[in-house]
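Asks: So the chains spell out like this:
There are 2 protein chains.
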Amino acid sequence: MPDTESTSHIPVSVDEIVDALRSQSPDRILAISKQAHPGDVEMAFERFDEVAREEVLDKLPAEVLSEWADYLSPGDVEHRLNSLPKGEQREVLESLSDDELVDLLQEIEEEDRPQYIELLPEEKRIVSEDLMRFPEETAGGRMTMAMATVRQNLTVKEALDELRCIQNEAELLSRIFVVDENRKLLGKLRLRDLAFNTWDTPITELMDGDQTCVSVLADQEEAAQMIARYDLVALPVVDENDQLVGVITHDDALEIMEEESTEDMEKISGIGGDRGDLAYLQTSVLSHIKRRFGWVLVLAFLALISGWVLLKYEEVLKAYFTLALYFPMIVAAGGNTGSQAATMVIRAMSLGELGSKEFGRVLWKELRVGILLGAMLGLCVALQVEFLLPDQFMPEGINSLRIVGIVGFALTAQVMTSTLIGALLPQLAKMGRLDPAVVASPAITTMVDVSGAIIYLGLAKVMLGVF
Amino acid sequence: MPDTESTSHIPVSVDEIVDALRSQSPDRILAISKQAHPGDVEMAFERFDEVAREEVLDKLPAEVLSEWADYLSPGDVEHRLNSLPKGEQREVLESLSDDELVDLLQEIEEEDRPQYIELLPEEKRIVSEDLMRFPEETAGGRMTMAMATVRQNLTVKEALDELRCIQNEAELLSRIFVVDENRKLLGKLRLRDLAFNTWDTPITELMDGDQTCVSVLADQEEAAQMIARYDLVALPVVDENDQLVGVITHDDALEIMEEESTEDMEKISGIGGDRGDLAYLQTSVLSHIKRRFGWVLVLAFLALISGWVLLKYEEVLKAYFTLALYFPMIVAAGGNTGSQAATMVIRAMSLGELGSKEFGRVLWKELRVGILLGAMLGLCVALQVEFLLPDQFMPEGINSLRIVGIVGFALTAQVMTSTLIGALLPQLAKMGRLDPAVVASPAITTMVDVSGAIIYLGLAKVMLGVF
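So the sequence lines, in the order shown, correspond to chains U and L.
Going by my numbering, the first sequence opens with residue 218, and the numbers climb by one from there.
Going by my numbering, the second sequence opens with residue 218, and the numbers climb by one from there.
These aren't lab readings, by the way, just hints derived from the structure by calculation.
Predicted model, so just to flag it, every value in this text is computed and none were measured.
Where hints are given, some of them may not hold.
One copy or any two copies: either way a pair holds, since identical chains are not told apart in the list.
[Claimed, not checked] Straight-line Cα separation of at most 27 Å, DSSO-like style, residue types lysine-lysine; simulated pairs:
id, residue 1, residue 2
1, Lys303, Lys507
2, Lys529, Lys374
3, Lys574, Lys276
4, Lys401, Lys303
5, Lys303, Lys374
6, Lys678, Lys535
7, Lys374, Lys251
8, Lys303, Lys341
9, Lys303, Lys276
10, Lys401, Lys251
11, Lys529, Lys678
12, Lys341, Lys401
13, Lys574, Lys251
14, Lys401, Lys374
15, Lys276, Lys251
16, Lys276, Lys374
17, Lys251, Lys535
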């Protein structure tokens, strides 16, 4: 994790922006807005909790809001918008990019939406109503319609003339999409192809016929993965009639990947629900609890199964209490190796490394990893039991090798079982069309705790002959 | 996790590429290389293990290798290169982009490197020797030098003429960097600014004076975060003399973010070492074990501390064996809440949400979350003990409320402690300039296991009066 301010050349630091915002002085905020990059403003706002943020927002001049609106959370923009006069509301709304505008409108209560929509100029109104049809997490919900398209029957000169007219609206002019009369995607051009060729060249001669595109209803993660895989600046989005309706740009892909990675990590740690647009410090204590209590409660009660297993083996434990010394180790080793395997598999699935036919290969690999890891660990600990365990811990009247054997074998079996469970559950979840990260982690925790208790104490019961 | 093939328009599926590769027929491979996107080829290669991959590579025609080289792992390219004649080696090397070429040269044994370097044309040789000075994980190690730069004293026409000459080499022409006579960065231009303005306009009039840049020695993660934060297509990289030496492009940023997220997830799960360029299925069983065994072994022995705590409380446990029923629950609740808190904090740090001054605020937030989570969970489980626990489990001669109290209070204290530990350790690690994800996770696991045992059994000992 780098120290962000150290080596980069940035006009105003995030800390300076935080100070200016904290001062709540409209003049200071206006002054800093002339220098600060909105990306840093976004980071500065992430340092404020809800109450402080609203106080700052209430002092934000409308012209500053217009400049920052694309980078603030829709909820924050809405909060400030509510208290502005109509004219300034319009100014802010017009400053928003397509996708941020749609996010904002979706945030606003349905009955208040029309009053904002009617402030929009005709064209933006149509666009936003179009875009609002798509759920937030789809390619359609994430795309912008402000891209450059040209018809295939143009020459370089004609294409340049058309682009000149839209150069201020288009978010991205370095990729120009070529369509036919039905808006069907035919290929793409780079602006350099137009800039450096003679004016009468037909664009079809310069066009790259790559028709890679994504459907409006595809998951935004799929779109981001395509942008990453094909190194795209912009990915065309097509509707059900194969008509080009928008593009998702490289910066959206970065944002989507960040969100999805965060989501995956949170799910693996048993944090539920949607993070939303809010950063860690922006989220209230109650929201944090809401997202965490569910799994904590479920897992706590599931842990009763392990407790019940312990009770079942009361005789063994009471007779040879030394066994308790290794109990936490055996359970923990299962948890550790199970979560290693699960993380490996879940991440490989997220990165698209595993096709649908790879189920068996993953299990076979993890089976071998599990056996070897287990055997190595079992051996190390067995040696510790035999040579390093102080005599006072060794139960009397028993050959120490029996304890060595129980601990060593139980560890081996537990690590092997846990590794397999860790590799198996995410894949089963995916086959059942469930989210591997959500399902697998808590289930693995519980299962390996129980398996550890049964393997260890069961083995001890048999080997020590306590019935 | 989307089903990649479902909704996107791709000429050849990854499965078809896998089949063609598996056939090992040079003709089929050549045929598919004309249609397949190299990004899909990369995914196809991820499905092969080492042995199978080398067999396929040995059959790969040189012209196909040239086309795919940027997308294959440097190790794979080197493997194939070794068995090619000099002429074809040169062809492949020339086809590589700057940064992939440098990765490849770094992969090759130092004594073999000169023979490859001397195959390069003069210009590429200088560039690659320049780039090899920078460690792989720095901005310098990741940048390309093939960017478009122009001097500030040009007109639009002059700038266009210069760019026309380099249009085939430059990786990216949509951002053009303006420098002074010392190659110091002054600002940037978009190609559209040149394409749509009159030829005699001085470019300084059109230039955006944004001088955001990153140092060659900055961590690659810092560069990726800047690209994400400022929505950049390309981030300029400057050397110690503030001279512009290269750029990092948006597609590099996506790749870096993917790598870093994977690394973080793996570290949190106690997987050590570097993933390298290899995908899950490409990594051999032994490499998997190498990366996992370290922490598994360390954590196993650390778990002995919890076992030792159990032994210390032998009297209490033997006297009231029912306590064992709730032991796994209390330990697990600590692990779960501790890892939730740690994940939240580690991810917020990775995303740059937490400044250096936020230490206290994070602790204060997690303290409140921990107390509330603990109290809620303690209450739920206390009610279960009182009303749902079958009588057979309740030790005789004790008021059930004592057990209720012990379990409820221990859970509350354990969850609060674990949440605090989870929030504290990553921040301490960062202050000590250690990697939060590596240090925090295993330490948290061990600490909460021990704290759970001490809190629960210690409380029981006091409340039940066993001395």
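Asks: Hint by hint, note whether the structure agrees.
Replies: Right, here's what the structure says about each hint:
Taking CA atoms no more than 27 Å apart as the test, Lys303 paired with Lys507 passes in neither setting, with 37 Å inside one copy and 64 Å between copies. Proximity of Lys529 and Lys374 under a CA criterion of 27 Å is satisfied in neither setting, with 84 Å inside one chain copy and 87 Å between copies. In this assembly of identical chains, the alpha carbons of Lys574 and Lys276 lie at most 27 Å apart only when taken from different copies (24 Å versus 57 Å within one copy). With identical chains, the CA atoms of Lys401 and Lys303 are never at most 27 Å apart, being 39 Å at best within one copy and 46 Å at best between copies.
In the homo-oligomer, the alpha carbons of Lys303 and Lys374 never lie at most 27 Å apart, since the shortest distance is 42 Å inside one protomer and 45 Å across protomers. For the identical chains of this complex, Lys678 and Lys535 are neighbours both inside a copy (11 Å) and across copies (17 Å), given an alpha-carbon limit of 27 Å. Proximity of Lys374 and Lys251 under a CA criterion of 27 Å is satisfied in neither setting, with 38 Å inside one chain copy and 31 Å between copies. When the C-alpha separation of Lys303 and Lys341 is checked against a cutoff of 27 Å, the pair qualifies only within one copy, where the shortest distance is 17 Å, while the shortest distance between copies is 59 Å.
Taking the shortest Cα distances, Lys303 and Lys276 sit within 27 Å of each other inside one copy (17 Å), while across copies they are farther apart (69 Å). Proximity of Lys401 to Lys251 under the C-alpha cut-off of 27 Å is restricted to the inter-copy arrangement: shortest distance 23 Å between copies versus 42 Å within a copy. For the identical chains of this complex, Lys529 and Lys678 are neighbours both inside a copy (11 Å) and across copies (22 Å), given an alpha-carbon limit of 27 Å. In this assembly of identical chains, the alpha carbons of Lys341 and Lys401 lie at most 27 Å apart only when taken from the same copy (23 Å versus 41 Å across copies).
Taking CA atoms no more than 27 Å apart as the test, Lys574 paired with Lys251 passes between copies only; the shortest distance there is 25 Å, against 55 Å inside one copy. In this assembly of identical chains, the alpha carbons of Lys401 and Lys374 lie at most 27 Å apart only when taken from the same copy (22 Å versus 35 Å across copies). In this assembly of identical chains, the alpha carbons of Lys276 and Lys251 lie at most 27 Å apart only when taken from the same copy (16 Å versus 59 Å across copies). For the homomeric pair Lys276 and Lys374, neither the shortest alpha-carbon distance inside one copy (49 Å) nor that between copies (46 Å) is at most 27 Å.
Taking CA atoms no more than 27 Å apart as the test, Lys251 paired with Lys535 passes in neither setting, with 73 Å inside one copy and 71 Å between copies.
Taken one by one, the earlier hints fail for this structure at numbers 1, 2, 4, 5, 7, 16, 17, listed in ascending order.
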